[in-house]
Amino acid sequence: MSLRISYGAALLFICLSFALMKTATSFASKNLLNQNTDRGWKTRPSFPELGRQPGEGNNAQSKNEKVPWDGMRFLQQSSKFFTPPRLFQKKDEGTKVVNPGDTLWEPSSANNLFSFAPLDDVVMGGASKSNFDNETGNWRGFVTSANNGGFVGIRSTPFSQALDMKNCNGIELRLKGGNRKRFKFVVRDSTDFNGVCWTSSFDAPSLLNRVRLPFKKQVPTIFARTVPNQVFGSNNVLGFQVAYSKFEYDGDLNPNFSLGDFSLQIIEIVAC
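Under this note's numbering, the first residue of the sequence shown is numbered 19, with each subsequent residue one higher.
Keep in mind that the hints were calculated from the coordinates and are not lab data. Ideal Cβ positions, reconstructed from N, Cα and C, are used throughout, including at glycine. Take the hints with a grain of salt, since some may be wrong.
In silico PhoX-like links for lysine-lysine, alpha-carbon gap of 20 angstroms or less [as the list claims (entries may be wrong)]:
#1 K184 with K147
#2 K60 with K98
#3 K194 with K235
#4 K199 with K114
#5 K184 with K84
#6 K147 with K114
The calculated label-pair distances, taken between Cβ atoms and stated as ranges, are [said to hold, decoys possible]:
#7 G119 with V85: 22 to 30 angstroms
#8 E286 with K84: 34 to 42 angstroms
#9 P125 with V85: 28 to 36 angstroms
Sequences and hints are given; from them, build the entire structure.
Laid out in structure tokens, this is it:
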């Protein structure tokens, strides 16, 4: 038992140290990459952490308040989403076939294959903060541009098995609230922490409503910058994410965004 505990603690330390190293490298490289374009990536980057974030240093919101960075919150958030190396994982549990109409997530359901947890701009040095209640689906928080931040998000915890969604056309969200703000829904087809985000933008309804997000209209992005020549692996879905950000794509600002308090309730996520 003591060996297992020590081994688990060592693995956690390695994962957290790796996360901290990657973020520190990103901060240190900002000033070296100011000549990069703010449009999309020319090719898929091997190390996207070294690329400057859209809009950093060249928009009015970059001259803003500076506050102390909450390193502990960074560790608490990022540690929930790292997948241990295959060598240390349990035996592969195979792939779960998903068909149109199948529920992928709903509040407090014992059938959920994953839960959601916050992943805010603290992971990039920001100060925005959100909380998500998996029992009710309520997502609330506060977005600030302090420290060049400006986004909040929630991300699914690692899946125990990949989802094969090749029989499906997309995702349907049943939502409430959101005050007509523009959010992003992300599908991930790899376990790379900063891999390609298959992204769909949507304007939240003011009342209870459904939003359909076709796979064929997804935009492949990394750090809100489009990535060319990508193919969506619909038979290997490994994560979902929802984000509320001041940026849309390639440095363009989100037209339906405002700093301050926000809220959105996710009632159901269904394959369609």
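Now the hints, each set against the structure:
| no. | hint | verdict |
| --- | --- | --- |
| 1 | K184 with K147 | violated, 35 angstroms |
| 2 | K60 with K98 | violated, 31 angstroms |
| 3 | K194 with K235 | violated, 23 angstroms |
| 4 | K199 with K114 | violated, 33 angstroms |
| 5 | K184 with K84 | violated, 46 angstroms |
| 6 | K147 with K114 | violated, 33 angstroms |
| 7 | G119 with V85: 22 to 30 angstroms | violated, 46 angstroms |
| 8 | E286 with K84: 34 to 42 angstroms | holds, 40 angstroms |
| 9 | P125 with V85: 28 to 36 angstroms | holds, 33 angstroms |
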